[in-house]
Amino acid sequence: MPLLEVTGLTVGFGEVESVGDVSFAIDSGERFGLIGESGSGKTLTALAVTGLLPENARRSGLIAFDDAPLPENERALARLRGKRIGMVFQEPMTALNPLMRVGAQIAEALALTDTPGDVGALLEEVGLEPRHAGRYPHQLSGGQRQRVMIAMALASQPDLLIADEPTSALDLVTQAKVLDLIAELCTRRGMALLFISHDLKAVARLCERVAVMHRGQIVETGATGEILGAPREDYTRKLVAASQLHLYADAGPPAGPVLLETEGLTRRYRQPGTWFLAGKPLTAVDAVTFSIHRGESVALVGPSGSGKTTLARMLVGLDKASDGRIHFEGETYTGADLPAHLRRDLSLVFQDPFGSFDPRLTVAASLAEPLRLLPAMSAAERDQRVNDAIEAVGLPAAMLTRYPHEFSGGQRQRLAIARALVTRPKFIVLDEPVSALDVSIRGEILALLMQVRRDYGLTYLIISHDLDMVRAIAGRVLVMQAGRIVEEGTPEAVFAAPKHALTRELVAARMPDLD
Amino acid sequence: MTFSRHPSLWIGLGATGVFALLALVSLVWTPYPIAEIDIARRFQGPSAAHWLGTDFFGRDMASLVMSGALTSFVVAALAVAIGAGIGIPLGLAAASYGGPMEWLALRLSDFIFAFPALIVAILITALFGPGAINAIVAIGIFNIPVFARVARGGSLTIMSLDFIDAARLAGLGSWAIAWRHLLPNILALIIVQATIQLSLGILAEAGLSYIGLGTQPPATSLGLMLKDAQSLFMLHPFLSLVPGVAIVVIVIALNLAGDGLRDALDPRLRRQGAPHAAA
Numbered sequence: 001m002p003l004l005e006v007t008g009l010t011v012g013f014g015e016v017e018s019v020g021d022v023s024f025a026i027d028s029g030e031r032f033g034l035i036g037e038s039g040s041g042k043t044l045t046a047l048a049v050t051g052l053l054p055e056n057a058r059r060s061g062l063i064a065f066d067d068a069p070l071p072e073n074e075r076a077l078a079r080l081r082g083k084r085i086g087m088v089f090q091e092p093m094t095a096l097n098p099l100m101r102v103g104a105q106i107a108e109a110l111a112l113t114d115t116p117g118d119v120g121a122l123l124e125e126v127g128l129e130p131r132h133a134g135r136y137p138h139q140l141s142g143g144q145r146q147r148v149m150i151a152m153a154l155a156s157q158p159d160l161l162i163a164d165e166p167t168s169a170l171d172l173v174t175q176a177k178v179l180d181l182i183a184e185l186c187t188r189r190g191m192a193l194l195f196i197s198h199d200l201k202a203v204a205r206l207c208e209r210v211a212v213m214h215r216g217q218i219v220e221t222g223a224t225g226e227i228l229g230a231p232r233e234d235y236t237r238k239l240v241a242a243s244q245l246h247l248y249a250d251a252g253p254p255a256g257p258v259l260l261e262t263e264g265l266t267r268r269y270r271q272p273g274t275w276f277l278a279g280k281p282l283t284a285v286d287a288v289t290f291s292i293h294r295g296e297s298v299a300l301v302g303p304s305g306s307g308k309t310t311l312a313r314m315l316v317g318l319d320k321a322s323d324g325r326i327h328f329e330g331e332t333y334t335g336a337d338l339p340a341h342l343r344r345d346l347s348l349v350f351q352d353p354f355g356s357f358d359p360r361l362t363v364a365a366s367l368a369e370p371l372r373l374l375p376a377m378s379a380a381e382r383d384q385r386v387n388d389a390i391e392a393v394g395l396p397a398a399m400l401t402r403y404p405h406e407f408s409g410g411q412r413q414r415l416a417i418a419r420a421l422v423t424r425p426k427f428i429v430l431d432e433p434v435s436a437l438d439v440s441i442r443g444e445i446l447a448l449l450m451q452v453r454r455d456y457g458l459t460y461l462i463i464s465h466d467l468d469m470v471r472a473i474a475g476r477v478l479v480m481q482a483g484r485i486v487e488e489g490t491p492e493a494v495f496a497a498p499k500h501a502l503t504r505e506l507v508a509a510r511m512p513d514l515d
Numbered sequence: 001m002t003f004s005r006h007p008s009l010w011i012g013l014g015a016t017g018v019f020a021l022l023a024l025v026s027l028v029w030t031p032y033p034i035a036e037i038d039i040a041r042r043f044q045g046p047s048a049a050h051w052l053g054t055d056f057f058g059r060d061m062a063s064l065v066m067s068g069a070l071t072s073f074v075v076a077a078l079a080v081a082i083g084a085g086i087g088i089p090l091g092l093a094a095a096s097y098g099g100p101m102e103w104l105a106l107r108l109s110d111f112i113f114a115f116p117a118l119i120v121a122i123l124i125t126a127l128f129g130p131g132a133i134n135a136i137v138a139i140g141i142f143n144i145p146v147f148a149r150v151a152r153g154g155s156l157t158i159m160s161l162d163f164i165d166a167a168r169l170a171g172l173g174s175w176a177i178a179w180r181h182l183l184p185n186i187l188a189l190i191i192v193q194a195t196i197q198l199s200l201g202i203l204a205e206a207g208l209s210y211i212g213l214g215t216q217p218p219a220t221s222l223g224l225m226l227k228d229a230q231s232l233f234m235l236h237p238f239l240s241l242v243p244g245v246a247i248v249v250i251v252i253a254l255n256l257a258g259d260g261l262r263d264a265l266d267p268r269l270r271r272q273g274a275p276h277a278a279a
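Going line by line, the protein sequences match chains A and B. Residue numbers for the first sequence follow the working numbering, beginning at 1 and rising by one. Residue numbers for the second sequence follow the working numbering, beginning at 1 and rising by one.
Just so you know, the hints here were simulated from the structure itself, not pulled from any lab data. Owing to the predicted nature of the structure, the values given are computational and were not obtained by experimental measurement. For glycine and all other residues, C-beta sits at the position ideal for the given N, C-alpha and C. Certain hints may be false.
[Said to hold, decoys possible] Interface residues of chain A toward chain B, partial, derived using beta-carbon atoms under 7 Å:
hint	residue
1	ARG343
2	GLY355
3	PHE357
4	ASP358
5	LEU373
[Said to hold, decoys possible] Restraint-style ranges between C-beta atoms, simulated for each label pair:
hint	chain 1	residue 1	chain 2	residue 2	range
6	A	PRO69	B	PHE113	30 to 40 Å
7	B	ARG107	A	GLY134	33 to 43 Å
8	A	PRO98	B	PHE113	26 to 36 Å
9	A	PRO98	B	PHE111	29 to 39 Å
10	A	PRO396	B	VAL248	50 to 60 Å
11	A	PRO98	B	ILE252	33 to 43 Å
12	B	PRO100	A	GLY409	34 to 44 Å
13	A	GLY330	B	GLY99	29 to 39 Å
14	B	ARG107	A	GLN244	56 to 66 Å
15	A	VAL486	B	GLY99	26 to 36 Å
[Claimed, not checked] Examples of chain B residues lying across from chain A (beta carbon under 10 Å, computed):
hint	residue
16	ILE158
17	PHE163
18	ALA167
Kindly generate the complete structure, drawing on both the sequences and the hints.
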């Protein structure tokens with residue numbers, strides 16, 4: 001007898017059917033994964049199961065929990081949600097009340113469900129210490145917040161835990177730890193799990209059985225090993241193929257002379273102190289010295305908050321170093337004083353493809369913006385440059401007149417690369433270039449990056465916490481922790497025999513390959 | 001932007017438009033000249049000859065309302081222009097330069113906020129004498145910090161987006177970023193605020209004229225009409241009612257239009273109507 005049985009679930013908005021005829025069942029104690037790209041209807045399915053669909057949604061089909069259909073009555077439904085179903089959401093910062101101490105929030109979850117329990121014990125169960133109860137959400141790290149969310153979900157001792165992309169906002173080390181925690185809790189409490197993710201490897205690590213969703217429908221269901229090891233459907237095969245990154249042979253050793261070099265580069269931020277006394281300065285980047293050769297592809301790896309992005313912003317001239325120097329092609333600068341004639345040689349591709357274009361400008365206007373760094377050119381020359389750039393990233397020039405909202409995430413990231421290319425730079429910093437994208441299109445974007453690197457003879461500095469991606473496209477790895485570079489070497493050497501504790505942790509957090 | 005989706009926008013814009021049109025027409029034609037005094041026909045009720053009756057000088061009330069509405073609109077609109085013209089660049093500069101510039105702009109707007117329009121108007125009147133121009137300047141000064149804050153607040157959320165950094169990488173200076181990227185993205189906010197300030201300006205002008213610091217006779221404004229009629233309120237309440245209702249209707253219409261514009265222009269509110277198709 002399954003714990004949760006969904007039969008012929010259909011969810012629609014107006015004319016559009018977002019989820020069509022979805023059926024699956026979860027036994028008690030079973031860990032079930034729902035895989036799909038963004039927009040495939042997996043979150044709507046989870047919301048339907050908990051009766052939390054938006055008001056304008058139409059739902060049909062049967063959802064039975066413990067052999068009883070989901071109550072229509074809002075109160076009864078709320079009681080069921082509170083007592084028997086726990087939920088963990090994607091973004092732990094917005095799911096917690098920022099004005100309440102987390103201990104009080106967990107206590108509230110206990111009180112609302114009349115469950116005897118102890119906040120301290122729950123915190124301990126999710127791997128936090130009792131002293132964390134007195135903190136506010138903003139005083140905790142992303143991983144700790146997600147643990148608090150899990151503790152709240154556990155408060156009612158639910159039979160089913162629904163986790164909607166619980167780790168995609170976390171860095172890889174934390175992600176692995178949270179996944180392990182969820183697995184351990186399910187086993188210890190005999191709790192069933194509905195795990196929703198676009199990350200095949202996370203699902204493979206956690207779930208016994210999976211369903212693959214595509215355009216609102218389940219295309220395949222079965223045991224994890226079978227589905228991901230030997231997929232029957234084309235779509236699943238595509239997903240599996242996309243999650244295995246192609247290794248690029250020419251990511252290899254440096255060829256040319258030194259292009260960029262830093263010397264004791266340091267960035268300190270002043271922190272607010274009491275009254276007029278300045279607080280203790282926070283050192284985001286601490287005396288970093290390294291060099292990058294022409295034609296190299298170097299990865300900068302580290303957990304969130306290790307200073308990777310601050311370092312990159314100084315290199316491209318968006319932030320000013322407190323100490324130290326940067327040399328680029330024989331010229332010296334400290335960050336924001338980057339000489340104007342060097343700016344065209346340095347470029348940056350941002351992480352978030354949605355925030356990196358002005359919604360009020362056409363794509364052509366945005367792409368042409370960096371051209372002001374070059375000597376004056378005619379309108380025809382400009383258009384030619386922009387056309388070349390957009391075609392280099394595999395998009396038709398006819399798209400130039402459109403506005404950013406008309407593009408998908410993957411297309412926008414292509415456009416961001418095109419903008420970085422338009423001045424024909426020598427050096428590009430890629431700040432987490434694919435981490436905001438669906439797994440299925442990451443491979444394409446990486447292939448594109450390697451393609452333009454060959455075509456334009458570029459040097460890359462790739463910022464990432466994803467070791468698989470780093471292994472695929474970087475020839476050398478710098479590992480960064482707390483503002484310092486703690487290890488350096490080729491990806492093979494570093495990942496095979498990590499010396500520093502952090503590197504070992506990063507390597508251990510890697511998701512197992514699918515087969 | 002259909003009527004059924006934004007009824008308050010269309011009602012508000014429609015009513016404002018009617019009054020604005022009447023005010024404009026008064027430039028070239030009013031039923032009677034507003035300065036024409038004829039004691040013999042004073043205190044007449046509404047009739048075919050005088051739609052809204054006549055006042056204590058025998059002037060035609062309909063003509064006065066048309067002309068008064070023009071004064072009110074012109075004063076409020078110029079005050080908005082002054083406030084927006086100084087306040088928006090101030091707010092944009094505060095957001096895009098940051099640091100000392102921001103401190104200066106914020107302290108300046110705090111300083112102006114500390115003086116209500118009325119106090120500023122009294123000060124200006126004490127220095128330069130009463131008149132419509134002084135009302136414009138006083139209300140305009142009061143509008144500066146309002147627009148500065150709206151421009152800065154809207155810009156701050158946009159400043160944190162990556163495309164601003166992309167523009168810096170492309171070599172744009174702070175001012176170019178403010179002009180090219182910030183202003184177009186906060187325009188909707190500013191239009192809504194301008195509508196609301198317009199209605200507040202009309203109220204402020206009425207208030208200033210009522211206490212004798214605004215428009216001076218023989219010119220007229222809705223506030224001045226109220227002031228003239230108030231001593232006769234017990235005898236001829238209709239004289240106060242006409243300009244009072246006109247002010248109320250204009251202000252409500254402008255507020256409706258402002259709310260409607262906010263709904264129509266603010267993408268966050270627009271998105272709430274659409275299905276949450278994220279999955």
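Going down the list of hints, with the structure as the test:
1. ARG343: Given a least distance of 6 Å, the restraint on ARG343 of chain A holds.
2. GLY355: 4 Å, holds
3. PHE357: 5 Å, holds
4. ASP358: 5 Å, holds
5. LEU373: Cβ of LEU373 of chain A sits 5 Å from chain B, so the hint holds.
6. A:PRO69 to B:PHE113: 30 to 40 Å: Cβ of PRO69 of chain A to Cβ of PHE113 of chain B: about 59 Å, so the range 30 to 40 Å is violated.
7. B:ARG107 to A:GLY134: 33 to 43 Å: The hint (33 to 43 Å, Cβ to Cβ) holds, given that ARG107 of chain B and GLY134 of chain A are roughly 37 Å apart.
8. A:PRO98 to B:PHE113: 26 to 36 Å: About 28 Å separates the Cβ atoms of PRO98 of chain A and PHE113 of chain B, which means 26 to 36 Å holds.
9. A:PRO98 to B:PHE111: 29 to 39 Å: 32 Å, holds
10. A:PRO396 to B:VAL248: 50 to 60 Å: Holds - the Cβ-Cβ distance for PRO396 of chain A and VAL248 of chain B, about 57 Å, lies within 50 to 60 Å.
11. A:PRO98 to B:ILE252: 33 to 43 Å: 37 Å, holds
12. B:PRO100 to A:GLY409: 34 to 44 Å: Holds, at about 39 Å.
13. A:GLY330 to B:GLY99: 29 to 39 Å: 32 Å Cβ-Cβ, so the 29 to 39 Å window holds.
14. B:ARG107 to A:GLN244: 56 to 66 Å: 58 Å, holds
15. A:VAL486 to B:GLY99: 26 to 36 Å: With a Cβ separation near 34 Å, VAL486 of chain A and GLY99 of chain B satisfy 26 to 36 Å, so the hint holds.
16. ILE158: 9 Å, holds
17. PHE163: With a closest approach of 5 Å, the PHE163 of chain B hint holds.
18. ALA167: For ALA167 of chain B, the interface hint holds, since the closest Cβ of chain A sits about 6 Å away, which is under 10 Å.
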